[in-house]
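A.B. asks: So you can see what is in the structure, the chains are spelled out below.
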Amino acid sequence: MQFPLKEFMAVSSANPWTYVIFGLIGFGFGFTLEMSGFGNSRKLAAQFYFTEMTVLKVMFTAIVTAMVLLFGAVSLGILNFNLVWVNETYLASGILGGLIMGVGFIVGGFCPTTSLASASTGKIDGMLFMLGGFVGAFLFGETEKYFDYWYTHAGYFGRLTLDQVFNIPVGVVVLLVVLMALFMFWGSEQLERIVGKKDMSKEPKLRIAGAGLLAAVAIAIVFIGTPTTAEKYDRLSFNRTEGEEQVVLTADEMLSTRQAYVHPGELLKTMADDRLIASIIDVRPEADYNLFHIVNSVNIPAANINSVIPTLLVDQTPNKVVVVVSNDETAATEAWKILVAEAVPNVYILEGGINNWIAVFGKDEDGITPLATTIVDTLQYVFNAALGDRYGCANPSPLLEWEIEFEPKIQLQLKRDKSGGGCG
Amino acid sequence: MATKSLFKRTPKPYVHPYFGGMVLGIILFLALLITGNGLGSSGATSRLVTAATDLVAPEHVDQTPYLLKLAGGDKNPFDDWIVPVFFGALLGGFSSGMIFGRIKLETTKGPNISDRTRWTMSFLGGVIFLYGARLARGCTSGQALTGGTTLAAGSWVIMFAIFGGAYALAYFVRKLWL
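One line per chain: the protein sequences are A and B, in this order. Per the working numbering, the very first residue in the first sequence carries number 1264; after that it's consecutive. Per the working numbering, the very first residue in the second sequence carries number 18; after that it's consecutive.
Just chain B, same shape as in the assembly (with noise of 0.2 Å):
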C-alpha cells in the first residue's frame, strides 16, 4: 500500500518555467548572500571520484597533478561546501519528486529510440559532459548560472559556448529527440 501511494500516483504538472526560474533564483542569491558561494554539482562527482580513487590507490593520486590537489596526502577530498550541495540536491529533487507524485523507475526518451540506445546515450552524454565540466571548472550551475548571475567574464562565455555546443550538434542527432 505505502509502495504504491510513492509509485503509482498521478504526476502533477511541472510549475511555470518563469516561477520555477524566480525560486531559483531567490535560492541562489541566498546562498550568495549568507555564503558567497552559489550553486554546483560537477565539481562534487570530480571530488566523490577522487576519495574512491584515494581509498585503492592513495599513492596515485599523491602523482597525479590534479587529483593531488583535491585529495593529496592528508586531504580529505569531501572538505568542501560543494559536497553537502550535492547531496543536498539528491533529497531535494527527490522530496520534489515524492510530492507531486513524480517517483517512477522508468526512462525518459525520445519516441523513435529503444531504451537501450537512450541509455548508451545518456551514459556516454555523462562521460562527455562532466570531462567538458572539470575542463571548463565548472558545469551549467557553477559557470553558467552562478557565474552569470556574478557577471563573470568567462562564465558568460562559457554559457554561450553550453548552447552553441549543443544547437550546433542537435540537428545531427534529431533521430535521439524528435
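The following block holds chain A by itself, in its conformation from the complex (with noise of 0.2 Å):
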C-alpha cells in the first residue's frame, strides 16, 4: 500500500469520510492541546520569561517525533514524500509574518490553535482571542491587494527543504534536527531549575530513553537513506478506465499498452481546450529545439529533466495535463519515468515525437523536407532555416478538419486541494 491515501488527500463530498478522518485528526489535534495545558494562556507565555518551557517541549517533542515517524516511513518506501505537502518558502512575507505572530503571541497569549483549545474549555481570554482572530484574517484580505506583488514574489523559492538548502542528505538533517532538539530540552531544563526554580529530580527517567530512541531511529533513517527514483517507479499504480471498467497498472503497462502515448491529435485537441492546461516539456538538445518546436512547448534538455520537478509538484492544478516530446519517443519516455515516479501527476508522452507531429501536421510545408534515417531520437526532416516555432505546423489551427482518428488517453487523476495544505 502506498501513503498518502489518494482518496483521502483532499476533502470531497462525493466521500463523507473525508470529512470525518480530517475533523477526527482536528480532534486529536485540539485534545493533546489542551490535555498539555495549552488552553492556559499563562503557561505559554511563562516560555517568553523562561521560567516554564512546556511551550518549546511539546512543540518540538511534536516535531521531532513526526518528522522521525516520517521520514521513517520515506526510507522505507511507504509514504511518497513528493506526495507530501511542503510549504513553500516565501522568505520576505514569512519572516515579516513570523515577526507580527510573536507580536500577537505576547500580547495575545494564544496562538490560534491553542486558543480555541482555550475557548472550548471556557477561557474568555482564548474566545476573546479568537474572535480578534476573525478580524485580523479580515483586515488581512482586505489590505492584501496593497502588497500583492511583493506578497507573491518577494523571496520566492518554491518548494525547498533544508536538506537542498544545506545539500545533505535528508537523514543527516533529521539526526541533526534531532540532537538540536534534545540539546534543547537539556537547556530548558537547565533554565527551569534555575530560573523555575523547579525540582527536576522528580522528572520521569524514561525521558531519557526517549531520547535516545529518536536519536536510534534517526540513525537508522541516515544508513537506510531514502528510495531511489528507480525504486520509486518500481512501486507506482495508475487508475485506469477503460470502458466500464476500472483497471490498476504499473507504469511498465503504462508503456507496454500505450495507454501513456497521446496521439499528436489528442494533444492538439489538449492545447486548444479551455478546460485544460497543457504544459509542453520537450526534452531534446537546445539545437533541435531551435530548429523547429511546438508553440508554446519548453525546452528542458532530458539530462535536466530534474530541475522541473520542485515547479511541477508545486503547481499543481487539478486540469493541467504534462506532455513530454522527443523526436521520437525514447528520449521522452526515459523523461516520463523519471516525472512519474517523482509523483508528478497527469504525465503523457507524444506519441512518435516530433517526428510523428510533424507527419500529421505539415508534411507538405516549405522549408521542411523529409530526411531518411533509421537513427534513433533524430529529426527525420530537414529544415530550412531554425525558425522554432515559426512553421506552419508549430501551432496548427484547431479549427481546421484534420482527418484525424485517435483513441483519448488523457484521464485526469484525483487531485489535492486548492490551497494544499499548512494554514492553506
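Since the hints were derived computationally from the structure, they do not count as laboratory data. As the structure is a computational prediction, the values presented were derived from the model and not from experiment. Positions of the beta carbon are idealized from the N, C-alpha and C atoms, including for glycine.
For each label pair, taking beta carbons as the anchor points, the in silico distance ranges come out as:
id: 1; chain 1: B; residue 1: G181; chain 2: A; residue 2: N1582; range: 38 to 44 Å
id: 2; chain 1: B; residue 1: D91; chain 2: A; residue 2: F1410; range: 26 to 32 Å
id: 3; chain 1: A; residue 1: I1431; chain 2: B; residue 2: Y188; range: 33 to 39 Å
id: 4; chain 1: B; residue 1: N93; chain 2: A; residue 2: T1415; range: 20 to 26 Å
id: 5; chain 1: A; residue 1: R1456; chain 2: B; residue 2: I116; range: 28 to 34 Å
id: 6; chain 1: B; residue 1: T27; chain 2: A; residue 2: F1410; range: 49 to 55 Å
Could you use the hints to bring the two separately framed chains together as a complex?
C.D. replies: Here is the structure:
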C-alpha cells in the first residue's frame, strides 16, 4: 500500500469519510493541546520569561517525533514524500509575518489553535483571542491587494527543503534536528531549574530512553537512505478507466499498453481546450528545439529534467496535463519515467514525438523536407531555417478539419485541495 | 446536578510536556501519512471570515484578489480540509477539558492585571497574530509544526521569526504576565 492515500488527500462531498478523517485529525490536535496545558495563556506566556518551557518542549517533541516517523516511513518506501505537502518558501512575507505573529503571541497569550483549545474550555480570553483572530484575518483579506506583488514574489523559492538548502542527505538533516532538539530540551531543563526554581529530580527517567530511541531511529534513517527514483518507479500504480471498467496498471504496463502515449491529434485538442492546461516539455537538445518546436513548449534537455520537478510538484493545478516530447519516443519515455516516479501528476508522452507531429500536421509544408534516417531519436526532417515555432505546423489551427482518428488517453487524476496544506 | 459535575470539578493536572508532544507528533505523522497534509487552523479562520463576507457582499469578494481565491464566483470557502480540522480541534479541546475537569468560565492571565486589560490584550493579540499568520501563509501549527516536520526551509525561518518576535517584545510587556 502506498501512502498518502489518494482518496483522503482532499475533502470531497463525494466521499464524506474525508470529512470524518480530517475532523478526527483536528479532534486529536485540539485534545492534545488542551491536555498539555495550552488552553491556559499563562502557561504559554511563561515560555518567554524562561520560567516554564512547556511550549518549546511540546512543540519540539512533536516535531522530532513526527519527523522521525515521517522520514522513517519514506525510507521504508511506505510513504511518497513528493505527495506530502511541503510549505513553499516565501522568505520576505514569512519573516515579516513570523515577527508579527511573535508580537501577537506575547500580547495575546495564544496562537490560533491554542486559542481554540482555550475557548472551547470556557476561557474568556481564549474566546476573545479567537474573535480578534477573525478580525485580523478579515483585515488581511482587505489589505492584501496593496502589496499583492510583494506577497507573492518577494523571496520566493518554491518547494524547498533543508536538505536541498545545505545539500546534504535528508537523513543527516533529520539526525541533526533530533540532536538540536535534545540539546534544547537539556537547556530548557537547566533554565527551569535555575530561573523557574523547579525540582528536576522528579522528572521521569523514561524521557532519557525516549531521547535515545529518537536518536537511534534517526541514525537508522541515515543508513537506510531514501528510495531512489527507480525504486519509486517500481512501486507506481495507475488507476485507469477502460470503457466501463476500472483497471490498475503498473508504470511499465502504462508504456507497454501504450496508455501513456497521446496521439498528436489529442495533444492539439488538449492545447485548444480552454478547460485544460497543456504544459509541453520538450526534452530534445537545444539545437533541435531551435530548428523546430511545438508552440508554447518549454525546452528542458533530458539531462536537466530533475530541475523542473519541484516546480511541477508545487503547481498542481488539477486540470494541467504535462506532455513530454522528443524526436521520437525514446528520450521522452525516459523523462516520463522520472517524472511519474517523482509523483508529478497527469504526465503523458507525445506518440511518435516531433517526427510524428510533423508527419500529421506539416508533411507538405515549405521549408521542411523529409530525411531518410534510421538513427534513433533524431529529426527525420531537414529544415531550411531554425524558425522554432514559426513554422505553420508548429501551431496548427485546431479549427481546421484534420482527418485524424485517435484513441483518447488523457485521464485526469483526482487532485489535492487547491490551497494545498499548511494553514491554506 | 449535571451542570455541577461538568463545571465544578477539581481540574486534573496537565500531562507531561514530552508525553503531550509525543502524542501530538504521532497525530501529526498520521495526518501526513494518510492525507499528505499536516495540521493547521489559521487558514480556517480566513475561510470562515470570507464565507461571512461572501454572504453579505459577494461582489466585494469577487473584486478583492485575496478573497477571490477563497470564495470567488461559485467557489465554496468551506471546501478545504482545514475546515473540518478547525471544528475538530474545537471539539477535541472541549472533550479534553470535560474529561480532565477543566471546563470553567474564567480568564487566564498574569497576577497583576485586571480581567478587562487581559480581555483587551487577548483580542488585540488575536488581531495581530492572525494578520501575521495570513501574511506568513500559516501559523504555529501550519508553518512551525507541520513545515518544521517536513523540513520546509521557509517554515524553519518563520518558526525562528515567531520566537524572535515574542522574545524581543517579552520584556516590554512583562507586566501582562509576571
